[in-house]
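Protein chains: 2
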Amino acid sequence: MTTYANSEPPTGATESSYAEVQAAVAAAAAAAPVLAATPPADRAGWLEALAHTVERHTDELAATADLETGLGRARLDGEVARCATQLRFYARVCADGAWLGATIDHAAGAAPDLRRMNIPLGPVAVFGASNFPFGFGTLGNDTGSALAAGCPVVVKGHPAHPRTHARLAELAGEALGDAGAPAGSFGAVTGMAAGQQLVLAEALGAVAFTGSEAGGMALHRLATTRPVPIPVYAEMGTVNAVVLTQAAAAEAAAVREIAAGALGSFTLGLGQFCTKPGLILAPSGSGLGTALADALRANPPAGVMLTTGIHEAFGTGIQGLLAAGATPVASSDAAAPLGPVVWVLTADPKLLQPGSTLLRECFGPVVLVVEYADAAQRDSLIAALPGALVASVMTGGSDDPETPGLVAALTPKVGRVAVDAWPTGVATTWAQQHGGPWPATTDPRATSVGAGALDRFTRPVAYQDAPKAALPPALRKGNPWRIVRRVDGRVRVPREHHEARVQVP
Amino acid sequence: MTTYANSEPPTGATESSYAEVQAAVAAAAAAAPVLAATPPADRAGWLEALAHTVERHTDELAATADLETGLGRARLDGEVARCATQLRFYARVCADGAWLGATIDHAAGAAPDLRRMNIPLGPVAVFGASNFPFGFGTLGNDTGSALAAGCPVVVKGHPAHPRTHARLAELAGEALGDAGAPAGSFGAVTGMAAGQQLVLAEALGAVAFTGSEAGGMALHRLATTRPVPIPVYAEMGTVNAVVLTQAAAAEAAAVREIAAGALGSFTLGLGQFCTKPGLILAPSGSGLGTALADALRANPPAGVMLTTGIHEAFGTGIQGLLAAGATPVASSDAAAPLGPVVWVLTADPKLLQPGSTLLRECFGPVVLVVEYADAAQRDSLIAALPGALVASVMTGGSDDPETPGLVAALTPKVGRVAVDAWPTGVATTWAQQHGGPWPATTDPRATSVGAGALDRFTRPVAYQDAPKAALPPALRKGNPWRIVRRVDGRVRVPREHHEARVQVP
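Protein sequence lines, in the order shown, are assigned to chains A and B.
Heads up, the first sequence stops at 492 in the numbering used here, and the numbers go up one at a time, no gaps.
Heads up, the second sequence stops at 492 in the numbering used here, and the numbers go up one at a time, no gaps.
Treat the hints loosely; a few may be bogus.
The list treats identical chains as one, so a pair stands whether inside a single copy or across any two.
SDA-like, lysine to any residue: derived pairs with alpha carbons at most 20 angstroms apart [what the hints assert, rightly or not]:
id: 1; residue 1: K455; residue 2: A396
id: 2; residue 1: K464; residue 2: S385
id: 3; residue 1: K455; residue 2: P399
id: 4; residue 1: K464; residue 2: A280
id: 5; residue 1: K337; residue 2: G96
id: 6; residue 1: K455; residue 2: G384
id: 7; residue 1: K455; residue 2: A234
id: 8; residue 1: K455; residue 2: A395
id: 9; residue 1: K337; residue 2: D361
id: 10; residue 1: K455; residue 2: S385
id: 11; residue 1: K455; residue 2: R469
id: 12; residue 1: K337; residue 2: W468
id: 13; residue 1: K464; residue 2: A317
id: 14; residue 1: K455; residue 2: A94
id: 15; residue 1: K455; residue 2: R473
id: 16; residue 1: K464; residue 2: A395
id: 17; residue 1: K464; residue 2: A210
id: 18; residue 1: K455; residue 2: T398
id: 19; residue 1: K464; residue 2: D100
id: 20; residue 1: K455; residue 2: G383
Think of the hints as simulated: they come from the structure by calculation, not from any bench.
Construct the complete structure from the given sequences, taking the supplied hints into account.
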């Protein structure tokens, strides 16, 4: 198989016209009230149908994506499976109904009968990522959670994998139609101009984006020019820090193990992950730099980067880090004719000042190792960190006395703190948080992975003294949707939720 | 007692210096981690202490506010009591702990142990409203909900009642200190420049504002110039529509009753409520205009407006409505030497086009009555409405067949739909929603009243594989705070929550 991602970026993806973008949004707007009125269990069925379709076409989809991205079949097969798992998870969350936030206060004293629930915001524009054609792409976390929340989706496909996008969009349209979803539930457009037109479309309810800080902030700023503001959720890249405790680095064998883990994490997907560890803070004299150099020599990662543009930007990023005072500890030979050089850099801790290039993401296989002299210097380095998606603490064991303090110090900086685990790897579960303080996201309250992802796409409405016939089912007497509700201040869990996990039909 | 609000706006309120603003924010930033680490039940105690202080000083506070606002002792005594009730409600919500969103996924298969909860965003700047010195002022819904969520507050007092603000701030500082809250939990500044410096202060976590669209959007735009974006929740004024069904207007006696209710609602507080009904859509031939004119003649409201500036703006607003094609149905004599003229206007339904001045808030005692010829015209009028805080439907009874359709048509436009109830009057309960699509708020997901108000001031963090000692109590085994949590996908309600409403210590 010829991998042409890095030498011949695929062309021929026709760009959507202005009329096509407006038609996609109009179809989504027409579908919006239908989706909003559909019982969650039915929408869960649509997501199940999407998952099933994706799975049935694993071979074709992974092969197409491999041609376009060069990510390799093993990774891409796995990512298709992950995409299906995610869609099924959002189906479960949808059917569970907790995201509706159903709350009922019966009239009491001077207070009227008030019933509150979350309703969908309307059509959502999804901007897929370059690096996860299935996980964060046309049918990834954003699309799954938006449909689960009752919002039609219009995806702007990423130019790095136009054929994968086109095929996924085709399959999604068929599967949703067969499952009974209204036309307009899912639409797809391509091209940068189309993306901008999407963000400015009057009927749009929200924007979800995964990608670079430059791209995310451009959409965020564009949206501020709308006559009516809408939420823009841009999940962007960050410098994710890993902090080693004294005990973690006390023995050479442990440091070698950490070095092996670090190499695996910062070169996973050739470092093209938003959760890549970009900075490791280690006690001075840890020998981590040397151990990383040894590990890199023993296991040089192979492969090409997603696009020529990303490869070039990586080279520019390395130059920027070196210009900002980083010095090389080790580097690999380019692992493939068009593959990137893998870099381990170090720097004087005094250079890690707010605003420094050393504290900005460099998308690709590079890690910066910085040694701290003592706890005070370590703490001031942590205080200087910008917001990030995730940070890790590597400890000397579960009773390492430094762990609680480090976890607490990192919490204000990030959306997730991992202990003795590398930051890459984002499970789609109820408790996941994939977001964080700026520049991790434009909205620190948002997550693009996990059950909380639905909350980005709803807003609450209260009904006051409304007769039963005018109330949505979620708020009616008898709880016809059998969802968790708060009634007169107390949380009420239907018996079905105790007996078993919610089953999706 | 001399009411000087409208003739001699109080002066002598010293404006906070730049250094004072920075000191207030620095103190709040220093207090933030202490507040975040304080058990919710303890913070609930602080809110109880605030409520108690406010109540004990009712006489003094209401008298001071009456001098400054001319709102009258009956209203102001009631509003002080309401302020205390609100603070007690936020204490209860705080102690309940559901706002923490505690979620635990034990490790399963490839997925790690993940635990997620909401943490406070840090110092919150609160901009009090002109029209509710206690309800939405220095210690109103915004301050109460921010403290409940664990955020220190710096209030920018409203210039319409500086002495009330200063006294409330003094009392709050004393009460919080006595209750054990750290210094910096509550701060206060005055002056427009101070407000701008607050919004731009680096350590700020969020902004909450209640007031005019011009004021709210100015702060919103100012915040977009920050290097690090933060959420700005501006709750602004809107044209709140009331729709009469055919059955509601079928009998003259019913129309007279509606007119009396409408007069009471649109002139409550001399129309200086963000929930004032600004537009009534009635079936043609309803006679509502005449009935309103009769009601106004029989019961002309008395009083002066909050400030000379607001009075002047009201006059300008009326001129704008007339210039946009509204025609007078009735008007009162000015009810006091410096009081406003109360207006009932009407307009051709064809003039209610998106963007028309007729669909913009006019803050003060004016209502626009528009008659629709048929259901189709009524529906197109509803479709043309901009976003609003609230809408009402007046029906012919609980089985009026028009009600469900009208409630559904109004839902996409507003944060609350009331049936056979006027939009003024916002109970502070679990299910309340006081917000809505722009221009009601800058963030349609936000509410500034009710249990949901806390959600504006938190963001989620996930802990991955963290040992018990590094976990916050909300996420520890054994559930030490006895809060509702979702564990492995199922909602778990501690026995105490079933047995009784949560008691605040």
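Under a CA distance limit of 20 angstroms, which applies to K455 and R469: within one copy, between copies, both, or neither? For K455 and R469, only the intra-copy Cα distance (17 angstroms) is at most 20 angstroms; the inter-copy one is 34 angstroms.
Identical-chain pair category, K455 with P399, by Cα at 20 angstroms: So K455 and P399 pass the 20 angstroms test across copies only (19 angstroms; inside, 45 angstroms).
With 20 angstroms as the alpha-carbon cut-off, assign the pair K464 and A210 to within, between, both or neither. This pair counts as neither: shortest intra-copy Cα distance 40 angstroms, inter-copy 43 angstroms.
Have a look at K455 and G383 and pick one of within, between, both or neither, based on CA distance no larger than 20 angstroms. Only across copies: K455 and G383 sit 15 angstroms apart there, 60 angstroms inside one copy, limit 20 angstroms.
Can you tell me if K337 and D361 fall within 20 angstroms by alpha carbon in one copy, between copies, both or neither? Answer is within; shortest intra-copy Cα gap is 13 angstroms, inter-copy 74 angstroms.
With 20 angstroms as the alpha-carbon cut-off, assign the pair K455 and A94 to within, between, both or neither. within (14 angstroms within a copy, 43 angstroms between copies)
State whether the alpha carbon distance between K464 and A280 is at most 20 angstroms within one copy, between copies, both, or neither. Classified as neither: same-chain Cα gap 66 angstroms, cross-chain 41 angstroms, threshold 20 angstroms.
Could you place K455 and G384 in one of the four classes (within, between, both, neither) given a Cα distance threshold of 20 angstroms? between (57 angstroms within a copy, 13 angstroms between copies)
Are the CA atoms of K455 and A396 at most 20 angstroms apart within a copy, between copies, both, or neither? For K455 and A396, the Cα distance is within 20 angstroms only across copies (16 angstroms; inside one copy 50 angstroms).
If the cutoff is 20 angstroms on CA atoms, where do K464 and D100 land: within, between, both or neither? Let me know, please. Within. Shortest intra-copy distance 12 angstroms satisfies the 20 angstroms Cα cut-off; inter-copy 37 angstroms does not.
Could you figure out if K337 and G96 sit no more than 20 angstroms apart (CA to CA) within one copy, between two copies, both or neither? Classified as neither: same-chain Cα gap 63 angstroms, cross-chain 42 angstroms, threshold 20 angstroms.
How would you label the pair K464, S385 (within, between, both, or neither) given a Cα cut-off of 20 angstroms? between (49 angstroms within a copy, 16 angstroms between copies)
Of the numbered hints listed earlier, those contradicted by the structure are 4, 5, 12, 13, 17.
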